[in-house]
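Undergrad: Protein sequence lines, in the order shown, are assigned to chains A and B.
Going by this note's numbering, the first sequence opens with residue 1, and the numbers climb by one from there.
Going by this note's numbering, the second sequence opens with residue 1001, and the numbers climb by one from there.
No lab work stands behind these hints: they were computed from the structure.
Glycine included, C-beta positions come from ideal geometry on N, C-alpha and C.
Take these hints with a grain of salt, some might be off.
[Unchecked claim] Derived CB-CB ranges, DEER-like:
no.: 1; chain 1: A; residue 1: A32; chain 2: B; residue 2: G1530; range: 19 to 29 Å
no.: 2; chain 1: A; residue 1: A123; chain 2: B; residue 2: V1927; range: 21 to 31 Å
no.: 3; chain 1: A; residue 1: A123; chain 2: B; residue 2: L1924; range: 19 to 29 Å
no.: 4; chain 1: A; residue 1: A32; chain 2: B; residue 2: T1475; range: 48 to 58 Å
no.: 5; chain 1: B; residue 1: L1129; chain 2: A; residue 2: A32; range: 41 to 51 Å
[Claimed, not checked] Below 25 Å or equal to it, Euclidean Cα-Cα: the simulated BS3-like pairs (lysine-lysine) are:
no.: 6; chain 1: B; residue 1: K1063; chain 2: B; residue 2: K1680
no.: 7; chain 1: B; residue 1: K1274; chain 2: B; residue 2: K1532
no.: 8; chain 1: B; residue 1: K1945; chain 2: A; residue 2: K61
no.: 9; chain 1: B; residue 1: K1680; chain 2: B; residue 2: K1240
no.: 10; chain 1: B; residue 1: K1274; chain 2: B; residue 2: K1534
no.: 11; chain 1: A; residue 1: K61; chain 2: B; residue 2: K1946
[To be verified] Sample of chain A residues facing chain B (criterion: CB under 8 Å; computed from the structure):
no.: 12; residue: V66
no.: 13; residue: A76
no.: 14; residue: A83
no.: 15; residue: A84
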Amino acid sequence: MRKPENERAFALRLTVPVLTALSMIFYRVLTASSFESTENVPLVTVLLAAALVLGAVAAFKDVLHVPSLLTFTALAAAAAAFAAGRASYVAFYLTGDVMNTGLSVFFILTCIALALAVALSIAAMAAGSRKAR
Amino acid sequence: MKQRRTGLWRTLTVVFVLLTAFTVAGSSVAGTYSALINSTLGIETSRIVKANGAEKEDTQYFKSAYNSLGEQYQAKAALIRQIGREGTILLKNENNALPMQNGTVLVLGGGSFMQALAHGGGSMNAADLANATTVEQALTFDGLNVITEGAQADAALVVIGRSAGEGADMPEGGLALTAEELSLIAHAKAAAGKVMVLLSGDFYPEMASLQADPEISAILHLGNAGYRGAYGLADVITGKASPSGRTVETVAVDSHASAAMQNYGDHSYTNASKIMASQAKTYVVYAESIYKDYKYYETRYEDSVLNQGNASFGGWTWEQDVLYPFGYGLSYTTFTQELQGVTFDDTAHTAAVQVKVTNTGAVTGKEVVQVYGQSPYTEYDKEHLIEKAAVQLMGFEKTAELAPGASETVTVQVPMQWLASFDTKGYGTYIMEAGNYYFAVGSSAHDAVNNILAAKGANVNGSAALTYTWNQAETDASTYAKSLYTGESITARFPDADINYWLEEADRITYLSRQDWQGTWPETIQLTAGDKLKAALNDKKKYENGKYNDTASRIQVYDVKTGDGSTILSAAMMRGRPYNDEYWNTLLDNLTVEDIVALVANGRYRISAAPSVSFLEIIGGDSPTGLNIPYLYSKVGADRQPIGSSYMVSDGITEEKVDLVPMDASFYCSEPTLASTFNKALALAEGEMMGEDSLYCGASFLYGPGTNLHRTPYGGRATEYYSADPVLNSLIGAEQVKGGWSKGLVMVVKHFSANDQEQNRIGVATFVTEQDLRENMLRGFEGLMTYGGAMGLMGSYNRLGVLGTAAEYDLMTTVLRKEWGSDCFVITDLNSPTAGLYDGNAIIAAGTSTMMNNGTFDAESGSYVNTTLSAEAFRSDPTLRVAMREAAHHVLYAFVNSSAMNGQSANDRIEAVTPWWQPALLALEIVFGAAALLTAALYLFNVNKKEEGSHA
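This is chain A alone, in the form it adopts within the complex (with noise of 0.2 Å):
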């Protein structure tokens, strides 16, 4: 029978693969439905498919831990690619450089559910560790 903490470790681990596909959702309809796209659509997605894998794989069988650390390191990949194509967006938003640019709503669920899913994925490793003592 698990632990009581194992099992809110267990489910700490499984919100990252949910806030990932989450974040994989928000992202493909942000993409799909404007063509505002700076950054390298098939990367960030193809780093959140894989976080979304590893973050599964972790949640069941974090294998060495090596999972969960590479859950996080595509995440934080994932997180930076995305951040540097919006960058001059936002940059552009905030000074008022291109005017009438309104910051869509799935641009902001996506930065939110991204935010959350590399938070959560280091609280993660961070339960995963210590279900070791």
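Given the structure of chain A, go ahead and fit chain B onto it with the hints provided.
TA: Leaving out everything else, chain B in the frame of chain A:
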């Protein structure tokens, strides 16, 4: 302990992984902004290696007329003062309220408000508005006692104004007088016996009440005054100069009354949700046809006087709609104008209109001679839906200062082709129809119409003596069917710019026509995108690829050679050679693929270097009010030489010292202020002075002037566009670009074309008739690009019809190059992430030369994000190869004849210099990456060892 160590390695792993990821991502962002970073840090990315003996050559092809930046600045301040003086428009002056040579004046609403109106927004932002002269400072300088509070004064001057700028039209209701402004006027009335109102800025509030108010003695207008234009205003108020400015648009009683206002602003297709591209959901239909601004008001006026075309429907009168007509302005003196004769030159297709101007008053002043033309409105026109304005401006001149009693005869040269009309549905070209033509001299557009009406026998306040009439016996459908610049046949090219092209017959709209003002009065058009339009908008790549294929079929493909970087040829060797010189082929054959891609695909505020032909990277900047880049470096040698960290100078008007460095060079009055002078010599002088600025900034191009139209009173970018009239734009703009070019400055005229509102400017589909497009929007560019000789042009954000203008072959090649004969380079507007209209292939094939691209360059693939242009595309598509080579040719041609070549001999070579921050970023990536791997390994080792221990 082990737990803490594990936690430490985990934390460090997280930190270094994040640092690595964001440093790598940051590198790509830095690549995007490399031009800005290099400019901010003052980093040169290439350097000249001088050839032996090169020091003996005089390679300063463009020199300053001044011995120092300080001298130049003083001359510039004096010029801006002069523009402010001649651009001040006196709209009302009762009981000789003005001039006011002495006494106390209470100024309300001036100060920082007027400083804020020194410039508009967007590309016109100036670095240091606090340095702009206020009206208080200027009036004090000119000898008045100025107070800003108090209850007693000899006179009160209330400053009211409006401002808008790039990206933001004047909001609805923005032109109504505010409660605060009315309160200031009430305060002024209580404090002083004489109340004057100054309209500051390039927008006219609705002010019929001020004109009618007997307690308001005088009304003046000065557009955005720049840094020193207020001194010119003060010169007018105090009588040091007589006002000679003229309105550059009709000032309406009701800002919503014009035909154009019925279709303006924010319109989305009713089925916009079915349209994929985010920048394709909006449109604007120019249902008013050619009847913009005074062409509407004065044509309807003529028809109302002649009782034709239902012009008076609804009880309409000109007086109810118009407060001040186009070209209007008062003076402190009086003039007579006498039309002395008209001489035609049938070879040059011009007419010379001689007018004698006499100062019949008591004060020295300048007078503007305006010549308008009228073409006959015939039954053929009605049948073929050709519209004719009652008057159109044909030309103008300004006299010198005339003393009382003095006279001057001016000759106004008029191109006859502007009397021809574009017959889209009949001959498909320009025709000059049989019938009676008129030239009229007038003190405004309305005055000119009255003179023509008087010549026709109408009972109006006009003078037939100020008109010249001739009859054309037969319709001429051949003379103007060919370009007078190149001989190219002119035919209808833009059928899909007309909304009716996209609509089923039952849904088609009726454009405004003077044959029935009432029956064709524009309603606000609600569009539903049908299948044909939706398909074109939805799949932009398919449509643009389809257009690309169509465009590609018009390009003659030939074998394109490229170089390997080993040639000794340099771009500087081509200086002075014509565009079609055969040696250009030799030079172009030695360009490497990478250099061609760089020149064509990456042009934001820089022209990329092309090291294979020793072509240096070139900098430039915005805006129509002058270069908004600092005076930090001067181009006095092969490299930009630093001027110094601080350069204090007096402006020569006051003793106040100004720290010029690192202030930017953007000081000038707005374009409408310049146009209000109706003084071509001043426009030329301003262009020359901007050219001087560029020598002191080390820049060689300027994104400006803008020459779109003031289609409505609400267009936000009115401050960057001269006027509502294409001929005024053309004539003033041509002088300005000539002036800039005389100092080697490439002026990049913008925005080509039909970009007349800011609302939805990115992607809005502008639907126009071809007659309207050619006779209004394109004509506003024609002068600058032809006899003005502008070497740069910028596309626009909007679509002409459904296609982004930069990808429209018939704009960028057929009109610009084949009809107008221009060899300029053409750049897109900013290809930002939110302006993703552009397929690079379609754009370059259409004749655009370079993309103002904000994309990241991927050295490995040789391509830029945000554009399809790449080394691979170049190699795989023979048609694109030709288009990219020609694009590179245009870029090089423009700049080898510019000040960019200052200091460079034909035998010099350039070397690329890697900016220090690029290897520094790479080192950080490596360090963080290595640290991430190490800490990850240590984390995994520790956490797994801990687990082994706990299981043991």
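Undergrad: Hint by hint, note whether the structure agrees.
TA: Now the hints, each set against the structure:
Between A32 of chain A and G1530 of chain B the beta carbons are some 24 Å apart, a value that agrees with the proposed interval 19 to 29 Å. Remark: the range hint 21 to 31 Å for A123 of chain A to V1927 of chain B is upheld by a beta-carbon distance near 27 Å. In this structure, A123 of chain A and L1924 of chain B meet the distance hint of 19 to 29 Å, their C-beta atoms being roughly 27 Å apart. Between A32 of chain A and T1475 of chain B the beta carbons are some 55 Å apart, a value that agrees with the proposed interval 48 to 58 Å.
Between L1129 of chain B and A32 of chain A the C-beta distance comes to about 44 Å, which sits within the given range of 41 to 51 Å. Proposed proximity of K1063 of chain B and K1680 of chain B is supported: the alpha carbons are some 23 Å apart, at most 25 Å. The hinted pair formed by K1274 of chain B and K1532 of chain B meets the criterion: a straight-line CA distance of about 13 Å does not exceed 25 Å. The suggested pairing of K1945 of chain B with K61 of chain A holds, with an alpha-carbon distance near 17 Å, which does not exceed 25 Å.
With a C-alpha separation of about 22 Å, the suggested pair K1680 of chain B and K1240 of chain B falls inside the 25 Å cut-off, and the hint holds. Taking the CA atoms of K1274 of chain B and K1534 of chain B, the gap is about 8 Å. The hint holds against a cut of 25 Å. The suggested pairing of K61 of chain A with K1946 of chain B holds, with an alpha-carbon distance near 17 Å, which does not exceed 25 Å. For V66 of chain A, the suggested interface contact is upheld, since its CB lies about 7 Å from the closest CB of chain B, less than 8 Å.
For A76 of chain A, the suggested interface contact is upheld, since its CB lies about 4 Å from the closest CB of chain B, less than 8 Å. For A83 of chain A, the suggested interface contact is upheld, since its CB lies about 6 Å from the closest CB of chain B, less than 8 Å. The restraint placing A84 of chain A at the interface with chain B holds, with a minimum CB-CB distance near 4 Å, inside the 8 Å limit.
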